[in-house]
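Trainee: Given chain A, work out where chain B should sit, using these hints.
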Amino acid sequence: MTTRTITLANRDGATYEVDGRQPLLKSLMDQSVDLPYGCEYGGCITCAGKLIEGEVNQAPQVALNNRQINNGYIILCVARPLTDCVLEVGVDSHDKLYRNPFLDPLEPHELKADIAAPAPITETPK
Amino acid sequence: MDGACCGPGYASPAEAMQAPREKLLYTIALYVGTGLQKPDYVATIDADPESDTYSQVIGRCEMPGIGDELHHMGWNACSSCHGDEGMERRYLIVPGVRSSNIHILDTKLDPRNPSIHKVISGEEIKRKTNLSAPHTVHCLGSEIIISMLGDAQGNAPGGYLHLDKDFNIVGRWENSMGEIKFSYDFWYQPRHNVMVSSEWAAPNTFMPGFDLEEVGHLKYGREIHLWDFEKKEPKQTFYLGEDGLVPLEVRFHHDPASTHGFVGAALSANIIHWWKDGEDWRWEKIIDVANEPHPDWPIPVPGVISVILLSMDDKYLYLCNWLHGDIRQYDISDPHNPVMTGQVWMGGLLGKAPVVNGAKVTGGPQMIQLSLDGKRLYVTTSLFSTWDNQFYPEIRTNGGVMLQVDCDTENGGMSINPDFLVDFGKEPNGPSRCHETRYPGGDCTSDIWL
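For the record, the sequence lines run as chains A and B. Numbering-wise (this note's numbering), the first sequence opens with residue 1 and increments by one. Numbering-wise (this note's numbering), the second sequence opens with residue 1001 and increments by one.
Chain A with its partners taken away, still in its complex shape (with noise of 0.2 Å):
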């Protein structure tokens, strides 16, 4: 077993010692945290969490957009932790999650991942 620590900042920096073979959300609702979670195969964002240092692969993951993904959002029932982590849970981490969409509209490089444009290239300087 691969153990990974993952600290909850938002948690009062609890700690956790978790295999990282298993997804998130059942490695830390097996240590008893109170996490919300809705269709467990990762397409409906219910258990969205944010990743604050670490890496985790969420490969499985359908219901984030690029944009999402880019402000550090990861899918608890299927991310499974590569690296220690720290994380924010709960909806209380979902501040950048939800955005009214006439509002603030995606460009095409920020939708999902199945209809995303590629992401623009970078001018470096010379």
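Source of the hints: derived by calculation from the structure; they are not laboratory data. Warning: the hint list may mix true and false statements.
Covered stretches of chain B (chain A as the covering partner; in silico rule of three or more C-beta atoms under 8 Å from a C-beta of chain A) [to be verified]: (1) 1058 to 1071; (2) 1210 to 1222; (3) 1288 to 1300.
Residues from chain A that keep clear of chain B, each with C-beta distances beyond 10 Å, as calculated [stated by the list, open to error]: (4) Thr7; (5) Gly13; (6) Lys26; (7) Glu55; (8) Asn57; (9) Glu88; (10) Pro105; (11) Pro120.
Cβ coordinates follow ideal geometry from the N, Cα and C atoms, glycine included.
Mentor: Below, chain B without anything else, positioned relative to chain A:
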């Protein structure tokens, strides 16, 4: 007992209109999306003006788990088995869209405090049928079909779950989904061997929230489908195009002889009417709600028609513009030429009625249910947790409200009842959001006549 005959419901829509007044309401209440780690529940509301607890929540039936997102619900039996004395309208079928769990509530043991009779787990449904995200419940004689918006992984088009009268999974109801791209609501009219279904989106598209750009990428529906009801397969599709973006609630006339029906296209803010003309089914747009300017918006605000409903005599059509904040009443005596006869405002983004009956209204008029006699319309303000959080983020802390609108069934017209207010912001476990409502004796969206 509902009616004079043997089984549940009523012999006809006209008989239903003579039923005793509703005294209890069952209304969905949500904690999903609020940050409160509590189960969603079905609230019992006292609707008897003679009662000391009128306009209050008097019972709460909590679901066993959290995160269901209760949404729509339906009865185990309706007027479609009025002649079957072995059936009774007793069990309320309450699905969770996110969890796919389907809860069966017994409302007979104590009508003021329904209890959980059975839970069909989402896991079992996915394993046996490869379906998820239950939505509309209709009984079908003594059996039950439920539209399911996705496969087990949340992909479109989903299909239809078939339950027997004891709530065992029979399997999938439909023989084919044909070329249907998405599922949502449905209604059937057996005398014409027809069912009509509408389209929202794949669960993986709509559940995380609304990205407007996904409409252009054809991730949301713009078609409705006519089914051969006996063959259980689609037979004709109406492509509604820009006039019919995101067609949601489907309502046939209650009159079982009629072929007229209506669907509200949420994003286009149009009402589409269909009917059978000789041997051909036709459709037309009959109502077009104009977008409204907003001082802070770069584009005018669409109405977003989140629901429609027909009075039991098929005379009035009601619609809600969830973003504008108005409910409209149209006389559809001539279904080709509706005439607007009433309008009231509550909440919404246009600022026309931020406070009603002393309560701040967060959200807009959304789900509605009409009394069988057509005189009392009950209204709630939450649409769907993630969409609420996008358009009305304050609903997290304010909760939803239920109001009641008095409807003039003779001359048309609507007014908000000043004596009725259920403020879900003041629920004992914290602010919750209210959604669909049903009555123990049946209501204007539950019953179908054979």
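Trainee: All hints, please: hold or fail.
Mentor: These are the hints, each one checked on the structure:
1. 1058 to 1071: holds (count 4)
2. 1210 to 1222: holds (count 7)
3. 1288 to 1300: Since 4 is at least three, the answer is holds.
4. Thr7: Fine: 20 Å to the nearest Cβ keeps Thr7 of chain A off the interface.
5. Gly13: 19 Å, holds
6. Lys26: 14 Å, holds
7. Glu55: 22 Å, holds
8. Asn57: Given a closest Cβ separation of 18 Å, the condition holds.
9. Glu88: 13 Å, holds
10. Pro105: 6 Å, violated
11. Pro120: 16 Å, holds
The structure fails to meet hint 10 from the earlier list, while all remaining hints are met.
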